[in-house]
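Asks: Using the hints, position chain B against chain A.
Chains as they are written, first to last, in the UniProt record's numbering: chain A, 1 to 309; chain B, 1 to 604.
Accuracy of the hints is not assured; some may be wrong.
[Claimed, not checked] In silico DSS-like links for lysine-lysine, alpha-carbon gap of 25 Å or less:
1. B:LYS313 to B:LYS122
2. A:LYS222 to B:LYS122
3. B:LYS83 to A:LYS222
4. B:LYS365 to B:LYS313
5. B:LYS139 to B:LYS92
6. B:LYS225 to B:LYS8
7. B:LYS365 to B:LYS472
8. B:LYS83 to B:LYS122
9. A:LYS127 to B:LYS18
10. B:LYS259 to B:LYS298
11. B:LYS92 to B:LYS8
12. B:LYS383 to B:LYS339
13. A:LYS222 to B:LYS150
14. B:LYS259 to B:LYS518
15. B:LYS92 to A:LYS222
16. B:LYS259 to B:LYS465
17. A:LYS127 to B:LYS83
18. A:LYS127 to A:LYS222
These are calculated hints, taken from the structure and not from any lab test. From a predicted model like this one, the values you see are computed outputs, not experimental measurements.
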Amino acid sequence: MLYILSRLGMAIGVIWGSITLVFFIVNVLPGDVATLLAGDDVPTETETIHQLREELGLDRPLLVQYMDYIAGLFQGDLGTSYANSEPVLDRLLDNLGPTLALTLSSMFVAVILGLILGILSAVYQNKLLDGIIRVLSLIGVSTPNFWIGILLIWIFSVQLHLLPSIGNGSFEQLILPSIGLGITGAGVITRLIRNSILEASNEPFIRSLRGKGIGQRAILLKHILRHALIPAVTMLGMIFGEMLAGSVVTETVFSRQGLGRLIVDAIDQKDIPIIQGSILFTAVFYVCINMLVDISYRFIDPRIRLNEK
Amino acid sequence: MSVLLEIKNLSVSVERGKEILPAVRDVNLGIGSGEIVCLVGESGSGKTVTSLAVLRLIDYEGGRITGGEIIFHEQDIASLAQKEMNGIRGRKIAMVTQDPMTALNPVFTIGNQFVEVIRQHKSVSRMEAWEEAIRLLEKVHIPEPASRMKQYPFELSGGMLQRVAIALALACQPELLIVDEPTTALDVTIQAQILNLLLELREQESMSILFITHDLAVAAEIADKVAVMHEGTIVEQGTVREIFAFPGHWYTKTLVQSKRGLLMGSASVYDCQDDEIILEAEGLSKFYPLKSKPFQQKRYVQAVDQVSLSIRKGETLGLVGESGSGKSTLGKLLVSLQKSDSGRILYRGKDVTGGTKRTQKELRKNTQVVFQDTFSALNPRWKVEDIIGEPLRVHTKLSKDGIRERVEEVLRLVDLDPAFRTRYPHEISGGQRQRINIARAIILHPEFLLLDEAVSALDLAVQSKVIDLLKKLQQDMGLSYVFIAHGLDVVRDISHRIGVMYLGRIVEIAPAEELFTKPAHPYTKALFEANPTIDLDRRRKRHVLHGEIPSPVSPPSGCHFHTRCPLATEKCRSKAPVMDVLSEERTVACHYPLEEKERVELLR
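Same shape as in the complex, but just chain A (with noise of 0.2 Å):
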């Protein structure tokens, strides 16, 4: 119980740190809102602009502006759209499904493909397969994003006309994007499950199951998956960050709704109460995915829970 607290300190922490370092990083970058608001045919420096940043509250002194800002974040309000005045919030809810229903299932595919590859790679250990499944994912890790995307969207939309290349809502729609986004993962976990699946083939307990005459293939999937799980949850919440990174370039390949795009235009616009809310919104989303995977440590590993004891 008092680890869960402590964790759930350091998250808001970590939370508060990437907001305040937002703030600021993106009120120094150059450039105008109020100046960008009022379109190119207004000179710089009029009436109309200093009503404008009167409006905005950009008069005020910095500290004021990010006090105030923290203060709306406790009444759940995030601020308004410099763009069209909507209230951030909504456009942020509006957005996040989309990117959800990406990211989760990418992960998906990253972990089903990674275990099931991880596994067989290790069980033909040296032999053809094992070669095949190491190039694979050698692949999958060093190719980018956007590459594997628009070759999905070559060989499955324009060559076979299987599936959709752009746009959300359907099904069919999150297939491509989530493959394009997921193999980087899968690539990752299928080396990782790999090498921890044949250390752990390796601990003395092994040997001392099959002395007792317990099955092979008991054994790799009761005891020896087990252990190999550690280190693979571990990179899990790393690769769930790497995915919200992706999900930008995924979401402009694939040309879908969702955060990613919503940030990449919120910044061209020099939107800052949107760009601070889907930063906002990621930070929490990435830590609560790492505390989930620090709590699941103590499931799968008996010596963490009770070393606290």
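Replies: This is chain B only, laid out in the frame that chain A set:
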């Protein structure tokens, strides 16, 4: 007696990297029913490979049976399919592996592991299997078996785990039990308990045991028949009496002699007459804080508790005691590798506790250490000459040629060819690596060496050579040693005086021979009684010390030993005994030290 298992002309090859090397050649060995056969040999002699071949586990470890037969119940195990083997493994032939700490899956409870094995071989329900497991744990004398079932392996001590592993192997009443170095990782007291347990189980279950060990004395304690292995073949086999009384093969002779040599060695130890005191400890204490929850009283492990001792020039002080008794911590305090929490250390009468950087550096120069693990003590990416020469670069201003000269000189001192200086640690054997460690320790002409389990990882023959070297160096350079080891025979061989430690306190200090022949503290006596010996006339059902060393977090009140002491009274429970001078050179901390007559009788 009918023959249960017969190995005929067995040969096994094992893959090592790209090569396939013969590991076992033409082994012939029969195990009668109800018989205990010991397979004795040094590491790498093929003992474990032979046992893995009997279970056909060798197939999983890059090995292959290249010839011969293993006849078990008129079946040739060597030619069975792995699937058929699963019906024999665990059911007819069971195995207990060396290190109990790693023999069980750390992420499952003890109970789960029992249930899995029992249900693999018998069609019973989970509940029935659970009940059966509790009965098995009772059979190996595990206290509170029902609550142990819900614990994880890392929550139990090594001795308890070995009992669990044995109980697990007994799950299906096997006819043959293969135990591979089951006591090597354990203290002598626990070793004696496990050996007694195995003898008891052999009677109860009427099973045969193939016992693999590197320790001749353990073999002498337990075996009916002994087979000596050397470089992949059995060089000699016979009844235990034949082997130890009339060893035939030269290799067996060397083994038996080096073991006996240890026992009479003390006489040949350089007699130290010097009364000059090099190092002294006064009321030395060290405790480690434990992780604790907030609002809870902080708890400590009392690793070393008010220890006072002195070491003279040219003298070896041995330290013995079960693991957890604080030997290693005391050693580290003596050479200031750790800071004591109270007490003083005097080096040549000068207080060096704490001290400035300069006095520390001076102290380091004169007090050196050699540890157990020969490999991890050496930087694997450095050549031998850089490793040995490093202290010179730190403490002296010698030129490159000067350093090389000294390195070659010191290599000759430890009986190594000076050509070794261009090699890397992984290119040389364990015994040679320990010589390198010793060479590095003596290159600055120190006065004091801490030898913490310095020979424990070496094979017997190598061990005795390194001991000889240490004795020679002591004589030539007037070195003083503190020698820490769990092997009592080695300590007896090299030490002038021996200190016995129990839960952070020294309970007795005496000259080596006197301590062994006339121990005054009941703990000392119990420790030595547990020590296996190749003297077959002393082989008997021993008075084994019950229980295990208590937790140093909450040590028993009064005399720490009272919970296990056969002589304990109310006084022992309430009042801690102080160090009492018995005679010159002898002190003991006990309310009821054993009388001279009693000591001799008990140790007969």
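Asks: For LYS83 of chain B and LYS122 of chain B, compute the direct alpha-carbon distance and say whether it is at most 25 Å.
Replies: With Cα atoms ~17 Å apart, LYS83 of chain B and LYS122 of chain B stay inside 25 Å; holds.
Asks: LYS225 of chain B and LYS8 of chain B: Cα distance at most 25 Å?
Replies: Holds: LYS225 of chain B and LYS8 of chain B sit about 17 Å apart, inside 25 Å.
Asks: Can you confirm whether the C-alpha distance between LYS259 of chain B and LYS465 of chain B stays at or below 25 Å?
Replies: 12 Å, holds
Asks: For the pair we were handed, LYS127 of chain A and LYS18 of chain B, check the Cα-Cα distance against 25 Å.
Replies: Distance ~16 Å between LYS127 of chain A and LYS18 of chain B Cα, so the pair holds.
Asks: For the pair supplied as a hint, LYS222 of chain A and LYS150 of chain B, is the alpha-carbon distance within the 25 Å limit?
Replies: The hint holds at about 19 Å.
Asks: Take a quick look at whether LYS127 of chain A and LYS222 of chain A sit within 25 Å of each other, Cα to Cα.
Replies: 24 Å, holds
Asks: Is the hinted pair LYS92 of chain B and LYS222 of chain A satisfied, with a Cα-Cα distance of at most 25 Å?
Replies: The hint holds at about 24 Å.
Asks: Can the restraint linking LYS83 of chain B and LYS222 of chain A be considered satisfied, given a maximum Cα separation of 25 Å?
Replies: Holds, because 19 Å separates the two Cα atoms, which is no more than 25 Å.
Asks: Take a quick look at whether LYS259 of chain B and LYS298 of chain B sit within 25 Å of each other, Cα to Cα.
Replies: 47 Å, violated
Asks: Does the structure keep LYS365 of chain B and LYS313 of chain B at a Cα separation of 25 Å or less?
Replies: 16 Å, holds
Asks: Tell me if the straight-line CA distance from LYS127 of chain A to LYS83 of chain B falls inside 25 Å.
Replies: 22 Å, holds
Asks: Check the hint pairing LYS259 of chain B with LYS518 of chain B against an upper bound of 25 Å on the C-alpha distance.
Replies: Holds. LYS259 of chain B to LYS518 of chain B sits at ~22 Å (cutoff 25 Å).
Violated hints, in rising order: 1, 10 and 12; the structure is consistent with all others.
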